[in-house]
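Using the working numbering, you'd call the opening residue of the sequence shown number 1 and step up by one each time.
Treat the hints as calculated values from the structure; they're not laboratory data.
Do not rely on the hints blindly, as some may be mistaken.
Unchecked claim - Derived pair list, reagent style DSS-like, types lysine-lysine, alpha-carbon separation capped at 30 Å:
id, residue 1, residue 2
1, Lys17, Lys7
2, Lys319, Lys17
3, Lys7, Lys239
4, Lys319, Lys16
5, Lys239, Lys319
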Amino acid sequence: MENQYIKQFPELLNGKKLLYVHGFGSSGQSGTVRRLRTVFPNATVLAPDLPLHPEEAIALLHRLCDDEQPDIILGTSMGGMYTEQLRGFDRICTNPALCIADTMHDHGLTGTQEYQNPRLDGVQTFYVDKALVKEYRTVSERRFEGLDDDDRRRVFGLFGDEDDIVDTFDLFHQHYPQAISFHGEHRMDDRSFMHSVLPVIRWIDDRQEHRERPIIYIGIETLTQGDTTTAQPRPSCQKAVSLLIERYQVYFVAPARDTCPETYASLTAWLRQYVNVPAWGHTVFTNQRHLLYGDYLIEATETPDPMATRIAFGCETFKTWDDIITYFDRIGGQ
1 MENQYIKQFP ELLNGKKLLY VHGFGSSGQS GTVRRLRTVF PNATVLAPDL
51 PLHPEEAIAL LHRLCDDEQP DIILGTSMGG MYTEQLRGFD RICTNPALCI
101 ADTMHDHGLT GTQEYQNPRL DGVQTFYVDK ALVKEYRTVS ERRFEGLDDD
151 DRRRVFGLFG DEDDIVDTFD LFHQHYPQAI SFHGEHRMDD RSFMHSVLPV
201 IRWIDDRQEH RERPIIYIGI ETLTQGDTTT AQPRPSCQKA VSLLIERYQV
251 YFVAPARDTC PETYASLTAW LRQYVNVPAW GHTVFTNQRH LLYGDYLIEA
301 TETPDPMATR IAFGCETFKT WDDIITYFDR IGGQ
């Protein structure tokens, strides 16, 4: 494969169904659909062309969910708005256009429009008038209806920090705890998909399969060079994290938050900047590393009697993150 970011993960969603819900003016033949089918070769990716009229679109999606019972639903932009309303399924809403009528007005998505991708019916253009905008407003305002605690736990929201089209993070987060900012724009590219959406799909698939991966704890001092408020990542540490999360449950360990509020804030910001989505919900703030129960503890300090196999970063065997990558490649996910 030509793109350096795209890899195949045949073990993920193996034999499962993923329903992709496309954005406004797109189709089920988009680049995102091709990406999904490449990354998950053993999954069935369902990607219908949505009708232009939102009542017809949401009705089609409800029928499809009833008939196919998808294991995961992934929706982007307008599709994220629809996906939020598909109760009872594990779902990921990426840059969801929860106020789509306002988005259409603010970004000139009225009048004659062209579909961004080919559609199975061969239609290439469509027209958006005030009546259609009103239809979208009516459907979008059903957001959060019938929401219960079980559904709150089954939905993730992903929001690009460079999205200049949709900004619904705060609205989403008022109703769902799992709202995560990722590095990216409104349109998902290969890099943001692999670094941001894929980890969430992995979390969902692991939970569905009751899969327990070996646990690795990584001391944040092994990732940074100097003061964390201004530190750059150590060479190859981000590459190592990307490789390790493919086979392990990875947690990041930092000093307890009550030790120093300023340090806690800077560490959190650093992890958000340089590790991003994989650190969400996977950061442990503690001064008692010897109590961490897991398989490996990668650290530059010397925790006495740890309950995990200690890998001493900076020692003769593990001087760099490249040495650690080589080590874990040799043991093969044990």
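To see whether the hints hold, each was checked on the structure:
no., hint, verdict
1, Lys17 x Lys7, "holds (19 Å)"
2, Lys319 x Lys17, "violated (43 Å)"
3, Lys7 x Lys239, "holds (14 Å)"
4, Lys319 x Lys16, "violated (41 Å)"
5, Lys239 x Lys319, "holds (16 Å)"
Checked against the numbered hints given earlier, the structure breaks hints 2, 4 and satisfies all the rest.
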